Structure formats: C-alpha cells, structure tokens
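Q: So the protein sequences, as listed, match chains A, B and C.
So in full-length UniProt numbering, the last one in the first sequence is 506, and the numbering has no gaps at all.
So in full-length UniProt numbering, the last one in the second sequence is 597, and the numbering has no gaps at all.
So in full-length UniProt numbering, the last one in the third sequence is 128, and the numbering has no gaps at all.
Derived by calculation from the structure, the hints in this document are not laboratory data.
Predicted, not measured: the structure shown is a model, and the values here were computed from it.
Misleading hints may appear alongside valid ones.
[As the list claims (entries may be wrong)] Not the full set, but computed from the structure, chain C residues with beta-carbon under 7 Å of chain A:
id : residue
1  : 42
2  : 53
3  : 57
4  : 105
No residue lacks a Cβ here, since even glycine has one placed at the ideal position from N, Cα and C.
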Amino acid sequence: MTDLPPFLVALPLVASVVVLFAGLVRSETGWPIAAMAGLGQLGLAGYVAYQVFTAGPTSYVVGGYEAFYGIELVIDGLSASVVVLIAAVSLGVLAFARTAGPRGNPFYATYLLLVGGLTGVVITGDVFNMYVFIEISGLTAYALVASGDTGRSAVAALKYLIVGTVGASLYLLGVGYAYIGTGTLNMADLSAALPTVADGLGYQSTLVQTAFAFIAIGLFIKTAVFPLHTWQPEAYAGSPDSVSGFISALVSTTFAYALIRISLTVFTPDFFAAVDAAQTLLIVGAVVSIVAGSALAVSQSEIKRMLAYSSVSQFGLVLAGLAVLNQTALIGATVHLVGHAIMKGGLFLAAGLIATATGAREVHEYEGLSERMPYAAGAFAVLAFAMVGVPPAVGFVGKWYIAVGAVQAQLWPLAAVILLSTLLTLAYFARLVERMYFREPAATGDLAEGEGTADTRPDAVVADGGRPSVGMYVVVVVAAVLAVALGAAVVPFAEYLQPTIDLLLP
Amino acid sequence: MTEITPSLRPLAAVLVPAIAIVPILLSGRRPNLRESWTVLAALGAFGIVASMVPGVLSGSVYATQLGAFLPGVQFTLRADALGILFGLLASLLWVITSFYSMGYMRGLDEHDQTRYFAAFAASVASAIGVAFAGNLFVIFVFYELLTVATYPLVAHDETEEARAAGRKYLTYTFGGGVAVFAGAVLVFWLTAGGTAAGTTAFTPGGIAALATADPMIARVAFALLAGGFGVKAALMPLHSWLPDAMVAPTPVSGLLHAVAVVKSGVFGIARVVLDIYGPGLVGELGMGTILAAVAAFTLVVASIIALRQDNLKRRLAFSTVSQLSYIVLGLAVGAAAAPGRASAYALVGGLLHIPAHAFMKLTLFFCAGALHVETHTDDISNMAGIGHRMPVTMGAFAVAAAGMAGIPLVAGFVSKYFLLIGTVSAGNVIFAAALLISGVLNIAYFWPVVYTAFFEKPTESDPKPLVEGPLGGRFAGTDPGTAEGLVTDGGRDDRHTDGGDPSDDEADTDHGFAESHEGQGIEDKIDAAEQLHHEHGPDERLDWEHRRWIGEESTWLMLGPICFAALGSVVLGIVPDTAVFLEIVRLIVENVTGVVV
Amino acid sequence: MIDALAAGPVDLLATRSYYAGTFLLLGIGAYVMIASPNLVKKVIGMNIFQTGIFLFFIASAYVDGAQNPIVGPKATGPFVSPLPHVLILTAIVVGVSLTAVALGLIVRIYNEYGTLEADVLQEVRSDD
C-alpha cells in the first residue's frame, strides 16, 4: 500500500487552480505550469505503474474512512496502464498545443482539470465516485470543445453536453439500482453483494440486470458506440485541433475502460455466464459499431469527421475484446485501447498540423499532399496503415489478440467481423493515402481559393496558431513511431498485465 | 538430417535492402549515387543469400530468432531449402532488374524515380522476408508489408487508371491478407488442442497436431490460407488485379508481378501445402484435388484469354496467371496423389517452375519494356517487322517464348516435363490433358508475336487470330494494315486521337491502362507509325529502321539484363543439374516426402 | 420488495408511487430534450431528466416512520439513510454546473447565429 494514488488526481487539480490564479497575475504563465504538472503527472503515473507491475495491485482509502462508507482508490495493472497513457498523451498534446493553440490560462486550467477527471475515473474503486469523475471529465470536455471560438464549436459542445449528460445520468440510474439492492457503492463490496440480492435470486433478478443495462447503455453513450455515438463526430470535428486530438485519444478510451472495469470487477464474468443477454448486448454493440462506424467513415468528406467515425468503429473492436470474455481477448482490448489512443490522437494531431499549414480539412484537399508536406503526410500514412492493422504495428497486435480470443471462444460471427474490420478500415484510409501520394494537387488557382475559403469559412475551426512549429511535427512523428514500435512491446506488456487479467477473468 | 544453425544471415538478407531505402531516399537529388545504393544493396542481398546456399544444400538451416512477437509466436527468420529457393531467385533477379530499371526509367525520363527505387527496395526486402519467414505469422507480416511496399509502384503513373489499379490491388491483396490472417488464427487455435498455445512454425511434412484436429475446421483453415495466398498467386477468380497492375512501369511488372509478388503467393501456398499441412494431410482432407481443379481451370482459361489480348503486357500478364497455376497444379497434384514417386515428381515440377518461369517471364517483360522505351510500341498488331529494329530483344523474346511453351532446351521444358510425368503417373488424366492443352495455347499466343516481328512488314501484316478476327490471317476478311476500326480491345475506338489529357476520359475503359503511358489501339498505332521510315530500296516501303545485332537498338543497361535472363532460361533448360535450383528443389521434396527424385 | 411484485398492478403503483414518478420525470425530460426545438428548453428537459434520478435515490433512502439521521442524545432510530442524500447533494451540484455551462454555450450560440431554435440553427449553418 502506498500513499501516492490520491496525488494522481490531486496534482492536476491543484495545478489547474494554480494556472487559473497565475493567469490573474501574468497571462503567459499557463503553458509552463501545465507542462510542469504534465511532467510530474507522467513521473508519478510511471512510478505508480512500476510499483503495481512489480508489487501487485495497490489501494488507498481516502481520508481514512474505510470502504463501505469511505471512498477507495484501487490501482491494478489495467488502471495503471490507462493512467500512464493519460499522462503521456496529455503531455504530448500539450506540446502540440503550445503553438497550435488554443492558448490562455483558462484553457490550460480546463485541460488539467480534464486530466484529473479522467485519471479519477480510472483509479477510483467506488461507483458513485466514478460518476462524479465522469461528470468532471464531461464538463471539462464540453468546455474544451467549446474553446474553439466559433459558433460551430459551441453547437457541437452543447450537443455533446446534452447527450453526454443523458449518458452519465443513465449510468447514475444504474448505480442507483445496484445501490438499492446492495446498500454499498464500493466496487469490491458490490461484486460480493450482487449475487445475493433479492433474496438470493442474484444475477437472475431484474434488479441486477436492469442495473447492468442502465450502466452499460450510459457508458455506451459516453464511449460513442453506434447508434449512441451521435454527439461524437461533431464534437471531434468542431473542436480545435489540439482538443480533438486529446479527446479522441483519451475520453472515449477512459469510458471504455470504465465499461470494462464495471463489467468485470463489479458484475464479474459469473454475471455474464448467468445472463446471456448481457453478453449479447456487448457483442451486438461491438458488431454494429464496427460495421456502421466504418461505413459512415467512408462517406465523410471532412477529415476530422471521418476520423471520428473511425473511432466509433475502433471502439467497437475494443468492445468486442470485452464481449468475448476470455483472457486473450481482454489483453487485446487493453492493447487496442492504448494503441488506438496513440494512433487516433496522432492522426487527429497530424490532421491539425496539415490544416494549420495548408488549410486542408477536406478529403479532396489532401491531393498531392506528400509533395507539400512530406513528413506530415508520411506520419499520417504510417498511422493510417497502423490503424488498418498492417503488422507489425500496434494496431495489428491488438486485433490479433482479440481475433484469437474470439476464435478460442468460438464466436465465429464476431471473429469474422473482427477480421473484416481490417478491410473496412482500409476502405476509408486507402483513399486518403492515395490522394496524398498519387494525385497532383489541384490547380494552383483552385488551391489558393481553397485556402482562402478554409480560413474564412465561418464553420471552420481555425486555431490561433498559424505556422506549424517544430514541436508539432515532433509530436506527430513520435506518435507514428510509437504506433509501430509499441507493436514489439506488447508481449512484455501482456506479461505484466497477466496478474491483473487473472484477477479480472479467472 | 537437418540441423538448425543460429545465424544472422537471414536477418541480414532482409535488412540490407530495407536499410538501403534510407540512403536511396537521402540521395534523391543525385541519381547516380542513388542508383549505386540500389546496386550495392542488390549485390549485398544476393551475396548474403548465395552464401547460405552451400550450407543449405548440405542440410543445415540458418535461423535468426528475434524473440516472441506474440505469445507462442516467435519472430523467426530461417533459411531452409524452400526459403532459399525463393530468396535466391528474388535477390538474383533484383540485381539484374536494378540495372534494367535504370535504363528503363532514364530512357523514359520518368517522374518520382526516388520513390520508385525506394519502394522497389522495400518490396524486395519484404519478398526476401516472405522467403525466410519461419512461421505463418512472420510470413503474414511480410506478405502485408509487401502489399504496402508494392502499392506505390502500381500507382506510380498517378493517372486515374493507375490509381484505380492501385485501389484494386490494395483491396484484393488486403482481402487476401485477411484470409491468411484468419487461416493462421485457425491453425494456431487448432494446433493448440486445448493447451496453452498452438504453433504455426513451418515443419517439413506438416505440423503433426493438425492431423488430429477437427477435419472440418482444418479444411476451412486450408481454404482460407490457400485462398488468401491465391490472391497474390492470381488463381482465378482472384486474378483480375494482375492484368490491371500492368499499368506499373515495366521493371515492376517484370520483377514484382512475374517474380516477387505473385511468387510470394505461390510460395505461401507451397509453405501451406508442404510445411503446414503436409502433402499427405492435404490429400486426406480432399483439398488437393479441389486446389488442382482450380489451378487447371485457371491455366487453361487464362491461356485462352491471353490469346485475345493485343497489348503485349496484358498478354504477358494473362500468361503469368496461367503459368503460376502450373506451379500450384504441381503442388496440388503432388498433395492429392498417393505418396510416392508420382507425387514427388509433380512437386519437383511445380517447384522448379518457380525459377523457370521467373527467368523466362522476366525476359519477356524486359523485352516488352525495351520495345516501349525504344519504339513506344505496346500493341502486338503494330509490331510487324519490329524484329529489324530490335533484333537482340526480339531474339531473346523468341527464346523465352519457346521456353514458356515447353519446347526442349529452354527452362520451361524441364519443369513441365516433371509436371507431366507426375500428373500422368498419378493417373490424373484430366490434369494431364489440361497441361497439354495449355502448352498448345502457349504456342498459339506467343508464336504470332515472334512471327509478326520477324516475318512481316508494317505494310503487309495479317490480322492476328482472335485479336482482329476469329481466325486471323486471310480469313479475317479485312484489308491488312487498315484494321484500326477493328481493334477489339473493348470499345476503344471512341478515343480522341490527339494524344490529349488522359485524365478526362477515364470512364470508357476498365483495363487499368493510362493511354498516354502504355498506348493502345490507335494511339499506339500513331506512336508506332512515327518510328517507321521509308526504305531506301526501290519501292520505298514503310519499314522499321534496320539495326544490327550488336546492341545498336538500345542501351546495354537494358540489353544486358535481357540477355542475362534469356541465358538463365537456356541454362536452366540445357543443364538443369548444374544450375543450383533443381538441386534445391530436389532437396525440398526429399525433406517433405522422403522420396529421392 | 419482491412481495410487492406479487400484488396487483394498482397496488404496485400505490406502493411504488415514487418509482412511477421517477420514470414519469425521466420520460418527460427525454421527450423535451428530443422534441423541443428550443435549446433552452432542451436544457430544461435535461434538468427534469436528472431530477427524476435524484428522486429515485432520495426515495430509496426513505424508511417508514424513521427520523432525520441526526445523531444525538435524543435520537433513537430507525433513521432515514443519509448516504443517498449526500450523494444527491453532489449530483445536484454537478447538475447546476452542467446547466451553467449549457446556458453559457447557448448565449454564445445566440450571439453567433441569432437564434435559439435548433431547426433554424441548422438552416443558418447549412447556408454558411
């Protein structure tokens, strides 16, 4: 047991307040403080993860109130991985946002608050506490989406807010059911108490099943599983580039984590064994998301919307990894959760970089891009192929675990869809790669006009950045390199993860 | 018998061309330096592969272990006999193709040559990776990388047709990749047999655990694997990307779409048949006969389609489709037949056809490319008398074409001989008949090319069979030399004849050809006509300029590789036992079946 | 709790009136959010939706004939469960901040587009 877990949440929260007040004194103080906090967070997360992976799961009772009344923070291998991911990605995006904007201390304060909220969701061991953190992350995410200065951002943020609140409220309703049945909110206590509720009827009782249904649907909305994804494309496309990179990489990821956590820790595999409908719900959500998300992605003409629908499809894959309910697939879901965050974050940032430099935001504007921006186009292509699942990139490895898991569980239709998802993903990325490398840019007159409209278009979210900086290039290229290199790191990672997986899915 | 020697050489063979990409990209501004990197890497890779040949022939296997890639799946590169066969072939032919590429790309003053040479090196690295892959997953990794690396080459022209061909190529081959992936997952799961982890490592004679697995799922897995590799092997009906991919520059068509890429598919099938399932199990599962039937169908039908192609590269492409199926047929018949000499003969024939076809088809493509560079002629109907202009080229073409048809003294004869012996002694009359019919068809589609090049004049050429009329010759009923309106290549009559912008009339064709690049029909005729000169003789007929047989016709950068490849086909045909390939093939078959051929 | 299920539907409604109220509020809230084109009304709908859930929690804490959970020398149980009250207090705070952010956004949308109607907004934006 260690005293560090609460600092994972406290550090960004305190830093956020510091940034806000520092802004009252001097306006240019936001970035350095946020960067320091981000570095500290990464160090802290890395250290905690190291401890967890070497010494096993750790927990911390907040304020000395023992669990049942008090709030417990629990960190196992799965949450440690996601905590490190959040710290690392937020630092990377911060580096990108320095020139890409938006700037200003309120932005950095909100940003740090979101980091704290997401970290809280991941490390809490209490379902109501999780709700509070979900709402903190939600509120800050809405505010960040709206930081784009345009009407489009505001409309996107409002839609996100309303739909997101419904999702969180449904989650709360589900928690209410579970609480009424068991009288506890602690995850470990809940999982022990749920089998005995309603005079021993346990998992078969309507109460438990309703609780699961509300929680699952609520988190489906937050994760943007088809057809509950409606907030997501506009929120990603309407927010400033740094924000869409950050949100796409982390927010859905965190809520997908929450779904895995609630499903396996609170409801446990025994629940799914007893209630077929629960597993069916997950499988159907996964299959529909994969197929429909890809199909919608193909039909988009705006890059960021296309990437957003791609996320719908990829989270279908993560959900599939959970729905299979065996160890191999769960490792796959975790790997893909982390891998997708890096790839999709990188793609959004690359798109932002390209838009900053050339004003290109539409698929057709990417024609001949490789001539104008070889490094950005190269990184984009590498990330795209990694996402398609070309080995040995991390996108392939995650998919491989999930597919093997599905075959082991003999869920043939699901396995088929997982394998086909490669082709579906290819369908929307190949046309971009083709445009970047094998088309001449539009005639110069058109291009100039295109740039003009891109900047003056009222709906376009133009960051106040201007010329791309070296830092932006570095972040994007590092993401591309990581997307390939992490593929090799999966086997040791899976070994570290194994004890946690054994606990979750005995 | 076989001992595994840990060695870094298989890895080095893959890494040398892979690393060469970096200096190639960096020296893009200085073509001579850039090309010397290519040649250096090609020679280096070939040297490394060749240095392993004696060891492999004496029974050792070189392996590089790179640790676990996935749980239960080692990232292993190993050079065994089968791997060395393909690796040697790819690296040797890369050397000569490198020289040819220089002549071709500079002769045409192509754009984006740096990207071209870099992608070429990446493709070869992946192909050698396919050759030395130690298990199904490593082969899948390189198979996918090969797809990615070849895509820029297919779409090189950046015309609408080239992009369409690139899209088709990606779709087909990634589809195949998915099937391979699915099959590999199934094999992995089947061989696990309830225990912790399965295996997909290549074992001569097959993985033992598969024999006891659920036969139905084993069949599905085999179908997925064979189908997945069959895409690149251009088995019908999965072949249609290959003729379209001919839009790529000719060296690409030559090395990749006659040797490296398509053979990686065939090679994959060989690995699956020989080293995953083992010929015996494939036969037991009843999959050998099915595969053989698909192959026999492909080789006959593709030959017939080839007859109707007027564009030389398209005709060669369908010929490739057909010839690849010889290899698959050999493997399949070898698997379907009862273990013994018949099976072994068929296997030897199929495997030997890998190098034999490679040499011959490379010659043919190099010839087609040389014709394109020197005379801008791509359609066979415009090649009447071209033998005067390009004597060495067309001479080499004639030799290789004879080999394709299985005429003795050229490489194709030896492999087809083994194939035929194998099929006949296995008692498969139908497959034997298919082989013979296809042999006749081979002559039928290659002879007119040779004939028109050497024995006709531009002003008095006969229409060719099936291309311009069902029977050709004087039965065709058209005035010789005025056959413009009758070009049957799919309604191309409506094209503008001003050689204008190719991008605005993309819709009228599905061949995947950019008109300005590889002209067809009328445009090609115009290009060809510009090359014709009035003879100095009394009648002042139009004719090709006469060039002598000493290399005046083109640069030695192209003629050298052509002669080398043609010579290779002849050496393989006359003294197959001294050329190392037959020895390797015998070793492979002996390892798998235990029969000494 | 299970016994109540055995009774008739009318009894069920009578004993579980808070339950019916909860879902009535949820329904009304959801309906307003979806059906009303006015952005402010959508936010009101969202508030109603949340209120339904608050009611659900608070009602679950109710114990027949119990006292306020203020522990002192005179207090002798049973007490109403205090935990849901605390939880909902938090949730209300969250709800208030959500409403504040939502209204802030609506002000911005109004400044930008000059309308609060979702359908008009869509037209204005597609014209851009």
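Q: Next, verify each hint and record whether it holds.
A: Each hint, compared with the structure:
{"no.": "1", "hint": "42", "in the structure": "holds, 6 Å"}
{"no.": "2", "hint": "53", "in the structure": "holds, 5 Å"}
{"no.": "3", "hint": "57", "in the structure": "holds, 5 Å"}
{"no.": "4", "hint": "105", "in the structure": "holds, 5 Å"}
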